[in-house]
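Residue numbers (the working numbering), protein chains in the order written: chain A, 1 to 219; chain B, 1001 to 1137.
Do not take every clue at face value.
If you want the footprint, here are the derived chain B segments under chain A, 3+ residues with CB under 8 Å [what the hints assert, rightly or not]:
hint, region
1, 1033 to 1042
2, 1053 to 1059
3, 1120 to 1132
Sample of chain B residues facing chain A (criterion: CB under 10 Å; computed from the structure) [stated by the list, open to error]:
hint, residue
4, K1008
5, R1009
6, F1010
7, A1011
8, E1028
9, T1045
10, R1048
No lab work stands behind these hints: they were computed from the structure. Even for Gly, the Cβ is constructed at its ideal location relative to N, Cα and C.
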Amino acid sequence: MTNENFSEAVRKTPAGAQKEERPPAETVAAVGEIATEDEVRAQLLALDDDALHRLELGAARYRRMLPRQDVEELVNETLRRALERDRKWRKDQPFMAFLFLSMRSIAWEFLKQNQREVPASQIGANNDDNDDEENDGYLERQPAEVGDPEAAACDVLFVDEIERMFRDDDDVMAVIIGRVEGLSSVETRERFDLTPTAFETAQKRLRRAVLAGKLDDWR
Amino acid sequence: MSKDNEQKRFAGTMAAIDDAILAATPAEIAEELRALGIEPGAAATAMRARIGAAVHDRGKKLMAAALEQTRRDRGLKVISGSAQPAGDLRAKLARLLSRPGVPTTLAARDGRTMSDADIESMIQDLTELGITEDEER
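Next comes chain A alone, as it looks inside the complex (with noise of 0.2 Å):
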């Protein structure tokens, strides 16, 4: 499989038809039960080490494409919001799978915003708390062409880089390419004729590749 193959499939599939995440059909309960705030709280203490440690490595991961303040308060943020239900937690979809989607999309958010030139003095001008929505308000009345270019570009690179690594692995572009079309292990494994193994194995060379280096290569 190519990176034009990649980039053409990405093209194909129609913006927003990308799938919520799908849990196991084993832990499906009540479906679209939105658990309560004392719930998530409950489900953050009872964390066991292995789940924290998942947590660290899931931030640790956006090293590349963050400047360090960024990764470091992109967990404070996913905490805050999913105890705040900013982000509401549907209990028939694993907990650490839902922080980690809400860590995706808060990176995303941090990406887009160091893409444009936010001046001190209007961050939070109006506001001491901060507030994110006082300052999505302001950024959104920004070109999305201004600022770092190096910054703005840093996404964009780090998934190429990724295809760029692994255009000669079919099987780790399989799994990439299921998750971008939306599709579940299943459904990746039978569309992509993967066998457990095979999908197993090709998870594992993605985690090593995107995760090798020290942190002293932070940007």
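Following the hints, put chain B in place on chain A, whose structure we already have.
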């Protein structure tokens, strides 16, 4: 590439990486943390502290909102508590939280996961809400 496609490509690629992290074994995760120069034990401790801080901040926000609501409802009548005798503050907090009128979100905090300082702070906050063991209300 359009903005929508760019976002979709980014989100899908990140989701594939998320899946790969979630699918890893605990041993693999610990090993990859170490490869990044992060000691797993320290990472868990730090992350737990961040969660604790986030929960604490949220509790303070709720308390401030409840206080504000109570002030509005009661016309700024706030009853100060008297000096606290030495005793089991956790038991006292549990008694206070079981009293009628305690906001549900606060009543759910049973004190077992809170530090002594947090418990004292919460008892003080409840006092400001007029929720005390005095019967003078």
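Each hint tested on the structure:
1. 1033 to 1042: As far as the region 1033 to 1042 of chain B goes, the hint holds, because 7 residues have Cβ atoms under 8 Å from chain A.
2. 1053 to 1059: Holds, because 4 residues of the region 1053 to 1059 of chain B bring their Cβ atoms closer than 8 Å to Cβ atoms of chain A.
3. 1120 to 1132: Our answer is that it is violated, as 0 residues pass the Cβ test (under 8 Å) against chain A, missing three.
4. K1008: For K1008/B, the interface hint holds, since the closest Cβ of chain A sits about 6 Å away, which is under 10 Å.
5. R1009: OK, holds: R1009/B within 10 Å of chain A, min 5 Å.
6. F1010: F1010/B check passes; min Cβ-Cβ to chain A is 5 Å, inside 10 Å.
7. A1011: holds, 6 Å
8. E1028: holds, 8 Å
9. T1045: Status holds, d = 8 Å.
10. R1048: holds, 6 Å
Violated hint: 3 only; the structure is consistent with all others.
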